[in-house]
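Under this note's numbering, the sequence shown has 1 at position 1, and the numbering climbs by one with no breaks.
No lab work stands behind these hints, which were simulated from the structure alone.
Just so you know, not all the hints are guaranteed correct.
Computed beta-carbon distance windows for the label pairs [said to hold, decoys possible]:
1. Q146 / P68: 35 to 41 Å
2. D138 / S8: 40 to 46 Å
3. G182 / R159: 31 to 37 Å
4. R204 / M270: 16 to 22 Å
5. Q272 / R204: 28 to 34 Å
We treat Cβ as the ideally placed atom computed from N, Cα and C, and that holds for glycine.
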Amino acid sequence: MQLSYRGSVNQWECDENDHLNVRFYMEKHWQTLCGWLQIAKKQAVPEISAHLVHQHLRFLQESRLAAPISGYAGVVSAAGDHVDVLTELRHSFTDDVLCTCVHQLQGLSLPVTDELPEYAAARGVPAQDLAYATLSVDEAAQYGFQPIGMGVAQAAECRQGGELLVHNYMGRISDSMPHLWGELGEQEGGAVLEYRLRFHQPLRRNEPFVLMSGIAEVGVKVQRFAHLLYAAESGVLCVSAQAAGVRMDLQARRAMSLSEEGQARLRERMLQPLVE
């Protein structure tokens, strides 16, 4: 894999858990990808988001304030006009892998250069797209999705062409998660372990959106969530996503088990299964 990004964790990139927020993991992965494409592969990148089909991320270690981060990239799969490019964010001094992202890009031809390591493969979320992505906003509500996020795509969040920057889809979901975690009525932190995002249509500058989300699976430690982000006026689905997350003990810096009462509260809010 080739080095194509170097930076660090800034204070303003950290969240209530005092570690790098998922939107900025995504932003650093995107810088890694675009830098690698432009410098190593001589590919023009201004329109690269138009080639993006989906992304799969795994969060392996915390990235705390001032951690030095290096980003590496390589092609791990190619079939037809699709390529899968793996980007890794590593601690610059220890070389520990902090987070991985597999970007599936359509319409690019690149040779395979690397193998997908086990630690970057799907584990806590299904490898396939979210089945609920066929639903309209009203239909999603009937299956138990609730509007946890609303707003308007601001100019500063969009690229020059008018589409929302890729990492800001993750940011809008992250900003809205307390409306789901709040079902527990507890104050511990929440941390994501894995994410899969499918990009359907871009959200554009000044477009209002609504984020419909729900609880897909409840475990003792790990919970799985489903997200559908729509352009509010047209009802067009922009992004569908699945995530696996845990409650976090902010003192011990480790995942917490949910009480039986907490599990029961979440199960009462679970999504209804799709009718075949």
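Those earlier numbered hints the structure runs against, lowest number first:
4
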